[in-house]
Amino acid sequence: MDLFFFSLFAFIALICAVNVVLQKHPISSALSLVGVMGSLAVLYLLLGAEFVAMAQVIVYAGAVMVLFIFVIMLLNAGIEEHRGRSWIAKLLGFPAFVALLGLLCWFVQRFFPNTGFVKFGDFTGGGAQEIGYALFTEYLLPFEVTSVLILIAIIGAIVLARKELD
Amino acid sequence: MDPSQALEMLKNGVPTSWYLTLSALLFSIGVAGFMIRRNIITVFMCIELMLNAVNLSFIAFAHQHKQVSGHLFTFFVMVVAAAEAAVGLAIILTVFKNRSTLNIDEINTLKN
Amino acid sequence: MYKLWLIPALPFIGFLINGIIGRKLPKAVTNLVAVGSVVLAFLWVLFVGNQSNWGATPLHAHYFTWIKSGAVNVGWDYWVDKLTMIMLMVVTGIGSLIHIYATGYMEHEEGYYRFFAYLNLFMFFMLNLVLAGNYLILFVGWEGVGLCSYLLIGFYFVKKSATTAGNKAFIVNRIGDFGFSLAMFLMFTTFGSLNFAKVFAAAPGKPEGILTAIAFLMLLGATGKSAQIPLYVWLPDAMEGPTPVSALIHAATMVTAGVYMCSRSSVIFLHAPMAMEAVALVGLATAVFAATIGLTQYDIKKVFAYSTVSQLGYMFLGVGVGAFSAGVWHLMTHAFFKALLFLGAGSVIHACHGEQDMRHMGGLRKYAPKTMAVLACASLAIAGFPGTSGFFSKDAILTAAYGHAPWMFWVGVVTAGMTAFYVWRAFWMTFWGEYKGHGHPHESPWSMLGPLVVLAILSLFGGVLFNVPKILEGMFPPLHEVEGEGMLMGISIAAGLLGIALSYYMYVVNTELPAKITAALGGLYRLVYDKYRVDEAYDAAVVTPLIEGSKAVLWHGVDQGVIDGAVNGVGYQARGIGGILKLIQSGNIRSYATWIAVGAVALLLALGAGGGVK
Amino acid sequence: MNMLDLVIALPAIGFLIALLIPRAMDNFIRLFALGFSLLTFVVSLTLVMGFQQGAAGQQFVTNVVWIQNPEIHYHVGIDGLSLWLIILSTFLTPIAILLSWNAIQDRAKEYFAFLLLLEFGLVGVFAAWDLFLFYVFWEVVLVPMYFLIGIWGHDRRIYAAVKFFLYTMAGSVLMLAAIIFLYTQAGTFDYASILDQFSTGKIVLTHLQETLLFLAFFLAFAIKVPLFPLHTWLPDAHVEAPTAGSLMLASVMLKMGTYGLVRFCLPMFPTAARENAPWIVILAIIGIVYGALVAMVQPNMKKLVAYSSVSHLGFVVLGIFTFTQAGLDGAVYQMLNHGISTGALFLLVGFLYERRHSLEISSYGGVATAAPWLSILFLITTLASIGLPTLNNFVGEFLVLQGAAQANFTWAVFASLGVILSACYMLWMYQRVFFGELSEEVKHHMPELSLREWACAVPLIFMMLWMGMYSQSFIPIVSEQNAKILHQGKMSSPVRAMAAVQGVNNAR
Amino acid sequence: MEFLVITLIKLALITFIFMTTLAYLQWVERKVIAHVQVRMGPSRVGPHGLLQPLADVIKLITKEGVLPPHVNAGYYLLAPFLAVFMALISISIIPFGTGIDIPAMTFGGKTFGPYHTMMELASVNMGVLMILAVSSMGVYGIALAGWSSNNKYALLGGLRSSAQMISYELPMSLAIASPLLMAGTLQLRGIADSQAGFYLGFVPKWAIFQMPAPQIFAFIIFMISAFAETNRIPFDLPEAENELVAGFHVEYSSMTFASFFMAEYANMVTVCSVGTLLFLGGWQPLWPAALGSNFVAPAIFLGAGLICLYHGLNPARPFDRYTLPVFAVVFFGLAGLMAFPPLVPVLTPLFWFLAKVGFLLFVFIWIRATLPRFRYDQLMSFAWKFLFPAALLNLLVTGFLVALVS
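Quick mapping for you: the protein sequence lines, in order, are chains A, B, C, D and E. Numbering-wise, our numbering puts 111 at position 111 of the first sequence, and it's gapless, one number per residue. Numbering-wise, our numbering puts 1084 at position 84 of the second sequence, and it's gapless, one number per residue. Numbering-wise, our numbering puts 2279 at position 279 of the third sequence, and it's gapless, one number per residue. Numbering-wise, our numbering puts 3099 at position 99 of the fourth sequence, and it's gapless, one number per residue. Numbering-wise, our numbering puts 4363 at position 363 of the fifth sequence, and it's gapless, one number per residue.
Be aware that one or more of the hints could be misleading.
Said to hold, decoys possible - Capping the alpha-carbon separation at 30 angstroms, the derived lysine-lysine pairs in DSBU-like fashion look like this:
| id | chain 1 | residue 1 | chain 2 | residue 2 |
| --- | --- | --- | --- | --- |
| 1 | A | K90 | B | K1066 |
| 2 | A | K119 | B | K1097 |
| 3 | D | K3484 | D | K3202 |
| 4 | E | K4063 | E | K4205 |
| 5 | D | K3202 | C | K2027 |
| 6 | E | K4063 | B | K1097 |
| 7 | A | K24 | B | K1097 |
| 8 | D | K3443 | C | K2024 |
| 9 | C | K2068 | D | K3484 |
| 10 | E | K4152 | A | K24 |
| 11 | B | K1097 | C | K2159 |
| 12 | C | K2470 | C | K2198 |
| 13 | C | K2159 | D | K3484 |
What the hints assert, rightly or not - Sample of chain C residues facing chain B (criterion: CB under 7 angstroms; computed from the structure):
| id | residue |
| --- | --- |
| 14 | K2003 |
| 15 | G2587 |
| 16 | N2588 |
| 17 | I2589 |
| 18 | A2593 |
| 19 | T2594 |
| 20 | A2597 |
What the hints assert, rightly or not - Label pairs and their in silico Cβ distance ranges:
| id | chain 1 | residue 1 | chain 2 | residue 2 | range |
| --- | --- | --- | --- | --- | --- |
| 21 | A | R162 | E | G4074 | 40 to 50 angstroms |
| 22 | C | A2552 | D | H3154 | 46 to 56 angstroms |
| 23 | C | V2542 | D | E3360 | 39 to 49 angstroms |
| 24 | A | F120 | E | L4393 | 54 to 64 angstroms |
Calculated from the structure, these hints are not laboratory results. Ideal placement from N, C-alpha and C gives every residue a C-beta, glycine not left out.
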């Protein structure tokens, strides 16, 4: 069952991810990304991270990506233009991608041989209670700092996007 | 490892490394997207993709070690990503307003 | 005690008054202040001389410590002995006369007050020079008179030639000062003091080499100030200044400072025979050299200027052959007649409305007989006409030269003949013949003529009145007696008379002759007429290379090229490296991403190669 | 808290208050800056009154801990060396402010504030007795000057400012490294304590270490002086700086370098200083002659004066490295002289610039006819600059050359060439600017001195005469301090040598 | 296996009932509005227009699905699907009653059961978050519809709706958080259960009344946000007819158009259910069973039957004579079912739950009939400047009070 779900959603995630990169239109990319995020949310659930899964959907899919789509719509962004160039990206882009992928996989295989297994229900520490507890004890300071960060981000976004006062 | 053994093994569940490999794949795809795409918004989305990939590995590690910290990291990453998206998109809006282009190759000077 | 400080202080006060508020003062007050201060100083000199037995017992005065640092301790000291006394009398006396003369001569000039302020300042510094009790104070005066000379030569500062001449004077003098100051440094390191008394007391015990070096350096200083070869070039140009200045500074007083210094430092010179020889040779060479140039000049002031150089050469000859007192004597008599010559020339120029070229004069005896009379006196004196002041002093020098080396005597005699010739040439050209200039020449006012008359009397009888060797007896070692003194005297008189006669023949009787001789001599004449092209040679050899070299090699080459080039080169290198690195920082985000990816790959590779993190 | 602290603090306070004054009140800012700097000057005069000649060590000491770890003290004090330099700084600042009264209209507030900050830094540099504090003040000085040149300068100001900044930084970084090395050796930044440790042999440096440290300090100071091959920032900085900037730069800032040489290089590394003296002196002499020659051909007045500074400061360095009493005294005195006379030159060039708006010599001529008093003041300053006796520079030059002659007569011979050349370039410039026909353009732009300009120039002229005629007001306390430095240098070499031997023995 | 089967059965049942409900909800809306405006409303198709929904469905299905040439076909078609999908998905996790015990049954020799199952499709630990997550996804449908239509009205509508939905999601989440604080769980069933009981024997312990922090304000905020989230009047800016023609669905027709409507009504039902669960005690009765709350349902149905019977006997329109008695019989049957003792524990909570949801839906319709539309800037400033701070304040006070009590 685990294998099935994992395979299914990993597959969806990968397809969507590739789609993000390959789609010409930003909206398509954005929707594909939503797909990736949804799939990942499911994978999170499989990994016992219920809260994060929900947060993933709410924050990422529900807010961040909506924002993206909003901006795409607002700017009426079309199919991307093929002007400009980056010879370095052209030259090294693909090799770097392959090398990075290969190396990462190699590292994963090397340091995490198949010892650990994920089985749904093995880990139940991802509920709201556990997260909340950790958040307000061990990670209180980062949490508060994050709130400041968000405040700054809000102000920054407002300042940036605000219309010039005449 | 012969197939029967592998099948036997898979009854225990999915190896954590598979999740990590998936994470690596997603991350690399994000990197590739960053390098390939020209639309600034798409590039931005590729960043989000990379962040998500990393989140996945955090969660996988959390499961592996049976610790909630990984979740929290993910949580923070999300928060930061949200903030980043807000500011980043606001910047994109401003840039577009000033230059009427979203092509990242044409946005290569700080001065306008 | 004797309030020696009052002597320089009086002109200084005059300078301050005229300098600061002179512009607002009426001319009469300016005159009063300027002339009065100098005359008062003269009177005070007389008073001091009278009180102190004319310097027979030297007077010392120490006013305050000027510079003190470790062993270096220089005070503002004055020192008055017989030599000083003579100098004081000459300076203040002639100075007074020339001040009076100047009130007439400068009457219509703009910047009248300024002129007198400078003149008073000059008096202050000159008196300081003369009164100095140590070499540094002497140097103060030395530099100070140089400054005033500069200011007065450049008095007509709108004229470029005048200011250039001023600069030339100052800078050439500086070269001399360079020698003088080095002499002082060496002196201090040798003697530990700059005080005359201490230095002269200690000198005999010091090694001859060092003394010779000091003496040579002092000679360099003296050649600068006293316009000797090789630094005489500034003096002819200095005639750009108003005529009273030429008379006072560039004939009577300042230029003789070198002679004064050498006489003052006789102790050192006497212990440095080589230097003495050099002094004599420099003097002799200058005398001949300048005299030949004087033969050919047409500008009346230039003639007298070269004559001054030549006469100063005589003085140096005297000093160099050991006849210090004769040198000083000639210094004094020269002050009389040369001041008179210049003032007379000024009067002539005044009469001819500023014309200085003798070819445009002539026949002035009808228009300015008084001037002619006084100039005749002076010309007789300089030609060594028996009984006149010049006769005695020149004779004393020539005799001493004969005693030192007979060939020097003969050269001196020839020079004396030339001197007589060119001075009288000028005289004939000016006063005889027909007037060839423009306008109506006129006689000068009495304020100008008065001093001339006094000076004429002094020129004629100064030698008899003031027998300097007698006065200075005991100050300097006596000279060897020379055999046949009478004959030598006769030869020199004959040379003088011959010169006068020749000039009469050439410029009054047979006026075509000079042109013929000129034509016959051709190139040689041109050379002499162009003052041997020494200025040009100096320009080509020193000035131009220095300026062009500084500009091209030092400034553009070393400074901007090498040093700044190196500095900017470092900058450009940095910029160049940055330029290469800039390619990475293209502003293209995708490139950045690629670099990051490559970096990540490299990092991972390194990690993997290192066995990874366990 | 004593008077010295007050002298240091006042400009800083003034700087801060000036920043708070609204921009619109620019006349008030000028008055305020002038008032504050005058107040500082008056207070600094109490230092002269209270200075005890003959007392050992530095006076007006304040020593409190500033930073705990590493221990850095606010340790200030003055001795005969720094007293006059501090007075020079406080004396010139009001003049600089008065001088800029009308010239600076743009961003007046920052300008005058920066001048006060500059004064603060300068006084601090001369008063600091803690190496780190010294370094801090050293850098503090850099900042306002950088902005003075960079903001209110002429056309190529950015280039000049950056050049100035980079040059100085290059040297001072080396100095910082040397200071830190000393700290590792001595365990303190306190200069008095370090000197003490040197003399008692607690710090033992190898020959190489001493040489390197000496060179590090020397280079920093030599750049600031500036010594011959390191001088090219100076002409550019001067030409581009506003008049007050040039004034402060030439008059006081350059003295930071020579002050550092006397204050730090000689007492701390006497052996190295003596060993390296020959080539340093040669550089100094080259600087003297070279600066003069290059000055001679400059078409720009400020550049000319700048190169003349190179030449004059060559004298100072020469004097310092003669290791004679006369040479050192002369060098220190020459610092003050140069401060006064070159300051006055820049001031007067500034007056000309304000009138004609050109620094090119060729755009002048005949000024003497239009503005006689200006030309007379300029003449006096020129004469002071070329070392006419009875004016200040002569005393310094004489002592330096005397010292050089005592050390090595050849040095004196070549250095004296500078005296000739100085007359050449100064008089030549004077002739071209002030003499000659008065052209129409110049005539219309050349009013006589105003009251404010008189007020700027007269104190300087007065000081030239005073310092030239009665140097005894100034030299004795300098002399006393220099004698100490020379004594230390002579005495400590053998002591150090012995200590070094002992150190080696102990190590065994 | 059994779980799967039962779930499938529940799924079928719920889907059927829910879809029917959605269809009839529109009829109800039209009827209610008509009555508010003193009209008859749909009354032609079937008795009292009861067959109107069916007619509508047939009409929409049979109409031509126009695919305008300028649209992005893929997204254009995806949008309504997404909208309806996201709207329907929430229903699956909403509990609407207590458990049911199904006795063992024998079919063809095989015995099934007995079973105990809950009245819900799925029980999710993170129920509330799930609801939020899914509802936040709902915006995609509208936004995409607006964008893919390539029509400026549609685009504006889409933009408006996405901005509006993001904005109002915040106060809504905050309003939801307050009852969560008191319930201490994220499970919807748990929340409803935590509201069981009565104060003083008769005041229900619903969240809006619950001590220490009655959530009446949170409820109001929630409801307001719910209006906005469902794009209902007074917040129906995305589809404002007189500004944007029809907003994001201007280009839609036929079934695609129907999908949006379905999604809207499904969303309404969902938010009303959530509101009921979170604030109104879910299936908890208004007063205790001891006071006879169990008899409310039979009594109402009985009363309804009697009224129908009365009107059937005195018909206002000719066919009432035939229809209303049938209705009366149905009502009586329902009343009997409600009163049937074995079914009482199952049906009474269900009744209460549905009654509350129905009431809230009525409020939605009521408001629609009553209030005018907001202006867009008012809408936004209302969200950010009033609703958001108020919700935050409410959350703070609640948190404070809860912490004080515990």
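Verification of the supplied hints:
no. : hint                                      : result
1   : K90(A) <-> K1066(B)                       : 42 angstroms, violated
2   : K119(A) <-> K1097(B)                      : 50 angstroms, violated
3   : K3484(D) <-> K3202(D)                     : 20 angstroms, holds
4   : K4063(E) <-> K4205(E)                     : 50 angstroms, violated
5   : K3202(D) <-> K2027(C)                     : 76 angstroms, violated
6   : K4063(E) <-> K1097(B)                     : 43 angstroms, violated
7   : K24(A) <-> K1097(B)                       : 22 angstroms, holds
8   : K3443(D) <-> K2024(C)                     : 22 angstroms, holds
9   : K2068(C) <-> K3484(D)                     : 17 angstroms, holds
10  : K4152(E) <-> K24(A)                       : 22 angstroms, holds
11  : K1097(B) <-> K2159(C)                     : 70 angstroms, violated
12  : K2470(C) <-> K2198(C)                     : 26 angstroms, holds
13  : K2159(C) <-> K3484(D)                     : 54 angstroms, violated
14  : K2003                                     : 79 angstroms, violated
15  : G2587                                     : 3 angstroms, holds
16  : N2588                                     : 5 angstroms, holds
17  : I2589                                     : 5 angstroms, holds
18  : A2593                                     : 4 angstroms, holds
19  : T2594                                     : 5 angstroms, holds
20  : A2597                                     : 5 angstroms, holds
21  : R162(A) <-> G4074(E): 40 to 50 angstroms  : 35 angstroms, violated
22  : A2552(C) <-> H3154(D): 46 to 56 angstroms : 26 angstroms, violated
23  : V2542(C) <-> E3360(D): 39 to 49 angstroms : 27 angstroms, violated
24  : F120(A) <-> L4393(E): 54 to 64 angstroms  : 40 angstroms, violated
Checked against the numbered hints given earlier, the structure breaks hints 1, 2, 4, 5, 6, 11, 13, 14, 21, 22, 23, 24 and satisfies all the rest.
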